[in-house]
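If you read the sequences in order, they're chains A and B. Take the first sequence: its letters are residues 1 to 432, numbered as in UniProt numbering. Take the second sequence: its letters are residues 1 to 432, numbered as in UniProt numbering.
Among these hints, one or two may not hold up.
Just so you know, same-sequence chains aren't split out, so a pair can sit in one copy or run between any two.
[Claimed, not checked] Straight-line alpha carbon distances no greater than 30 Å define the calculated DSSO-like cross-link-like pairs of lysine-lysine that follow: (1) 105 - 431; (2) 431 - 93; (3) 165 - 17; (4) 431 - 177; (5) 83 - 431; (6) 290 - 431; (7) 290 - 23; (8) 17 - 105; (9) 93 - 28; (10) 83 - 290; (11) 431 - 28; (12) 93 - 83; (13) 28 - 177; (14) 23 - 165.
Because the hints were derived from the structure by calculation, they are not lab data. It should be emphasised that the depicted structure is a prediction, and the values quoted were computed from it without experimental measurement.
There are 2 protein chains.
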Amino acid sequence: MAIWLNAADDGFESAFKDLLSMKREVSKDVSDVVETILARVRAEGDAALADYSARFDSIDLAVTPMRVGADEIEAAHAAVDPKVIEALTLSEKRIRSHHARQLPKDDFYEDDIGVGLGHRWTAVEAVGLYVPGGTASYPSSVLMNAVPAKVAGAERVVMVVPAMKGAVNPAVLAAAKIAGVTEIYRIGGAQAVAALAYGTETIAPVSKIVGPGNAYVAAAKRAVFGTVGIDMIAGPSEVLVIADGDNNPDWIAADLLAQAEHDTGAQAILITTDAALGRAVEEAVERQLKTLPRAEIAAASWRDFGAIITVPDLDTAMPIANRIAPEHLELAVDDPDALIPSVRNAGAIFVGHFTPEAIGDYVGGSNHVLPTARSARFSSGLSVLDFMKRTSILKLGPDQLNALAPAAIELAECEGLSAHGRSVSIRLNRKE
Amino acid sequence: MAIWLNAADDGFESAFKDLLSMKREVSKDVSDVVETILARVRAEGDAALADYSARFDSIDLAVTPMRVGADEIEAAHAAVDPKVIEALTLSEKRIRSHHARQLPKDDFYEDDIGVGLGHRWTAVEAVGLYVPGGTASYPSSVLMNAVPAKVAGAERVVMVVPAMKGAVNPAVLAAAKIAGVTEIYRIGGAQAVAALAYGTETIAPVSKIVGPGNAYVAAAKRAVFGTVGIDMIAGPSEVLVIADGDNNPDWIAADLLAQAEHDTGAQAILITTDAALGRAVEEAVERQLKTLPRAEIAAASWRDFGAIITVPDLDTAMPIANRIAPEHLELAVDDPDALIPSVRNAGAIFVGHFTPEAIGDYVGGSNHVLPTARSARFSSGLSVLDFMKRTSILKLGPDQLNALAPAAIELAECEGLSAHGRSVSIRLNRKE
Numbered sequence: 001m002a003i004w005l006n007a008a009d010d011g012f013e014s015a016f017k018d019l020l021s022m023k024r025e026v027s028k029d030v031s032d033v034v035e036t037i038l039a040r041v042r043a044e045g046d047a048a049l050a051d052y053s054a055r056f057d058s059i060d061l062a063v064t065p066m067r068v069g070a071d072e073i074e075a076a077h078a079a080v081d082p083k084v085i086e087a088l089t090l091s092e093k094r095i096r097s098h099h100a101r102q103l104p105k106d107d108f109y110e111d112d113i114g115v116g117l118g119h120r121w122t123a124v125e126a127v128g129l130y131v132p133g134g135t136a137s138y139p140s141s142v143l144m145n146a147v148p149a150k151v152a153g154a155e156r157v158v159m160v161v162p163a164m165k166g167a168v169n170p171a172v173l174a175a176a177k178i179a180g181v182t183e184i185y186r187i188g189g190a191q192a193v194a195a196l197a198y199g200t201e202t203i204a205p206v207s208k209i210v211g212p213g214n215a216y217v218a219a220a221k222r223a224v225f226g227t228v229g230i231d232m233i234a235g236p237s238e239v240l241v242i243a244d245g246d247n248n249p250d251w252i253a254a255d256l257l258a259q260a261e262h263d264t265g266a267q268a269i270l271i272t273t274d275a276a277l278g279r280a281v282e283e284a285v286e287r288q289l290k291t292l293p294r295a296e297i298a299a300a301s302w303r304d305f306g307a308i309i310t311v312p313d314l315d316t317a318m319p320i321a322n323r324i325a326p327e328h329l330e331l332a333v334d335d336p337d338a339l340i341p342s343v344r345n346a347g348a349i350f351v352g353h354f355t356p357e358a359i360g361d362y363v364g365g366s367n368h369v370l371p372t373a374r375s376a377r378f379s380s381g382l383s384v385l386d387f388m389k390r391t392s393i394l395k396l397g398p399d400q401l402n403a404l405a406p407a408a409i410e411l412a413e414c415e416g417l418s419a420h421g422r423s424v425s426i427r428l429n430r431k432e
Numbered sequence: 001m002a003i004w005l006n007a008a009d010d011g012f013e014s015a016f017k018d019l020l021s022m023k024r025e026v027s028k029d030v031s032d033v034v035e036t037i038l039a040r041v042r043a044e045g046d047a048a049l050a051d052y053s054a055r056f057d058s059i060d061l062a063v064t065p066m067r068v069g070a071d072e073i074e075a076a077h078a079a080v081d082p083k084v085i086e087a088l089t090l091s092e093k094r095i096r097s098h099h100a101r102q103l104p105k106d107d108f109y110e111d112d113i114g115v116g117l118g119h120r121w122t123a124v125e126a127v128g129l130y131v132p133g134g135t136a137s138y139p140s141s142v143l144m145n146a147v148p149a150k151v152a153g154a155e156r157v158v159m160v161v162p163a164m165k166g167a168v169n170p171a172v173l174a175a176a177k178i179a180g181v182t183e184i185y186r187i188g189g190a191q192a193v194a195a196l197a198y199g200t201e202t203i204a205p206v207s208k209i210v211g212p213g214n215a216y217v218a219a220a221k222r223a224v225f226g227t228v229g230i231d232m233i234a235g236p237s238e239v240l241v242i243a244d245g246d247n248n249p250d251w252i253a254a255d256l257l258a259q260a261e262h263d264t265g266a267q268a269i270l271i272t273t274d275a276a277l278g279r280a281v282e283e284a285v286e287r288q289l290k291t292l293p294r295a296e297i298a299a300a301s302w303r304d305f306g307a308i309i310t311v312p313d314l315d316t317a318m319p320i321a322n323r324i325a326p327e328h329l330e331l332a333v334d335d336p337d338a339l340i341p342s343v344r345n346a347g348a349i350f351v352g353h354f355t356p357e358a359i360g361d362y363v364g365g366s367n368h369v370l371p372t373a374r375s376a377r378f379s380s381g382l383s384v385l386d387f388m389k390r391t392s393i394l395k396l397g398p399d400q401l402n403a404l405a406p407a408a409i410e411l412a413e414c415e416g417l418s419a420h421g422r423s424v425s426i427r428l429n430r431k432e
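Throw the hints in and build the complete structure from the sequences for me.
In structure tokens:
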């Protein structure tokens, strides 16, 4: 049984606030452990990596080399079911083609007094991609992180992946190969983040680290932020489905469960104008759970965090959706396009009855790395821009300097920065 | 005396690496104190703010209201020298007009199989702007942070500024008024960051916090990252001037000192093809220091971190500049435009002899909030994009679902996510 709320009820606001503030993640305080690991890798380099890999991943890096060999990547690619290779290849092609449209344009213009203003975009030279080990080691995520970095023009895309007893998921290596990633190290945890940020004898440092990970990885990324750039701190996944009465409850239930099966902390919410549909979806969820391999996880997520919110009309639904700021928003309504302009906070919108979120996870072409935990209020899904940076350009000649100097000098003096003022006044009324 | 390096020397690489890794900031570990402050403000709200303000800023919030009144803002604006008001007004106008060009475009298109793909940009609804107190309380920074947020379309731009004994720099309040910021609270430190992130009885929470601050503010921003978005963690300022022999040494010296006067940890570097110019600049620095109000700070910065690097030619200069990845890069050479394509890592480029960096600080129109401490390798100066977020859009009809379903199902099964596969297969070969 999910949580039921009715937007027309008196107690709605308070119950909705409780829903919004539900804690879906056990936040372990691992910062002390992580600080130690970061400091050791920074000081001892490869030796520290070898020690941690032996301890945490039961792997002897003196026997199994840290870097995954080209032959090992080839062998993995050959060992993976050709149908999977075909699907990954299609996925890579679609991601690449969509992300190529995100390449930003340089700009340079002269304003009305002849000041030249503009900017240039350039790629981050070296990017580190963290790929989790174990069951969360997803080849699709390799593509979603690596392809935008490649499209941006990053020269080095370095992958790290923890390898319990040395074994890396072959599908992950196959995805790396398809994405053109050849520099792969079998290390994980905070120590891998440290190696990417600070470098070791074997691993040259990168400038930006992306990719999901456990609490240790997240804390390490937070700590090295500034030394390198990082992407978001990812939390448990979420979907919000907005549905009118004219829906197949089985389809909606399948979508809610696709989210719930990720993690017991995942959250699936349905907002509907039709309470009868809500009840039918709830029944369908129970029915579908019976035949779901990950039923235990999905059932726990649905029981603890699943919610059905009934609303009098779709106009009421949208402000509620924007307050939830979901990672994924499905618009399962008669005229979904009409709702899009009202979406303010969401990582991604899936439009209409034939766009289940899972298509976006794999082969839609858009990125599946999206802001969780209400962070769509202030951040965006991963894109090519995350692997580029903008350098601004300013160009004055003598006339422009003369025109702007008085104001600059005035403000410099007001701020007590005389040398700033002098660097302007010294050029006043001078010619080249 | 600055540090002298010669790129043609055998020992250059090692000496240059030392220069790059110089620690210019005392990194105080304040995270425990900050954690306590954050937790108290989160739990106790206004009461905690009152306590900390009494303790750290000698201000009784029961007597002096936390929110700066409209009358106080008006009075400050009226009290500031009209020439400063005029300069701030010009600055605001130029920043606004340049940043308006940064407004991104929405996109939507159908690909070759009819899948609809696109994105929408929307503004962050509520932004918090931290303004430091004391001597670093710069009205120009208020404009540089507030105007892009306003241009982006943020509905709420909230300013916090610590006010020792209740007093706020009138020029800061005047800049706020000129930028259209009306919600201002006289609080500072980690407690102000906490109030913006979590909200209190008086202050509604924001979604993103920007602006510079001391070690406590920086640690607090790092800690609340995820609950809200943050901008970069700013370090001491830097300039790199690339100069050929045909330069006025006094101009270059003035530019180096304009950077050095910010902070004893600031860094000013000159790369030149002409050692004689280097020596002349060094002499000019010593001469100009004699008449500089902030000579003590500037001299310490120049002595400890200033550097002059001689290079055989400009082609050698550029890779060195890119490794430094300076916040500010001045191109004081005969043909500066020819060097621009070689700039890979820099926050901003100031082109030619008549574009001293200080113009960009105040009235150029481009943003003066730029990446420090080599972070131009992976990040950009502040822009309108920092106050917006992108929602991606995906739209399939039955035909597109049928075309992409097999690959999606294949990958879902490969990743062990059957509910993902089911949410796709359940729609296969169905019509609306």
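Verification of the supplied hints:
When the C-alpha separation of residue 105 and residue 431 is checked against a cutoff of 30 Å, the pair qualifies neither within a copy, at 34 Å, nor between copies, at 41 Å. For a Cα distance limit of 30 Å, the shortest separation of residue 431 from residue 93 across copies, 27 Å, qualifies, whereas the shortest one inside one copy, 55 Å, does not. In this assembly of identical chains, residue 165 and residue 17 lie within 30 Å of each other by CA distance neither inside one copy nor across copies; the values are 45 Å within and 37 Å between. Within a single copy, residue 431 and residue 177 get their C-alpha atoms no closer than 57 Å, and across copies no closer than 37 Å, so neither meets the 30 Å cut-off.
Taking identical chains as interchangeable, the C-alpha atoms of residue 83 and residue 431 lie at most 30 Å apart only when they sit on different chains, with a minimum of 26 Å there against 70 Å within one chain. Only between protomers do residue 290 and residue 431 lie at most 30 Å apart by alpha-carbon distance; the minimum there is 27 Å, versus 82 Å within a single protomer. For the homomeric pair residue 290 and residue 23, the shortest alpha-carbon distance inside one copy (27 Å) is at most 30 Å, but the shortest distance between copies (60 Å) is not. Taking identical chains as interchangeable, the C-alpha atoms of residue 17 and residue 105 are never at most 30 Å apart, the minima being 42 Å within one chain and 34 Å between chains.
Taking the shortest alpha-carbon separations for residue 93 and residue 28, neither the intra-copy value of 38 Å nor the inter-copy value of 48 Å comes in at or below 30 Å. In this homomeric assembly, residue 83 and residue 290 come within 30 Å of each other (Cα to Cα) only inside a single copy, at 28 Å, whereas the closest approach across copies is 75 Å. For a Cα distance limit of 30 Å, the shortest separation of residue 431 from residue 28 qualifies neither inside one copy, at 63 Å, nor across copies, at 47 Å. Taking the shortest Cα distances, residue 93 and residue 83 sit within 30 Å of each other inside one copy (15 Å), while across copies they are farther apart (58 Å).
Taking the closest pair of Cα atoms, residue 28 and residue 177 never come within 30 Å of each other, the shortest separation being 35 Å inside a single copy and 43 Å across copies. Taking the shortest alpha-carbon separations for residue 23 and residue 165, neither the intra-copy value of 34 Å nor the inter-copy value of 39 Å comes in at or below 30 Å.
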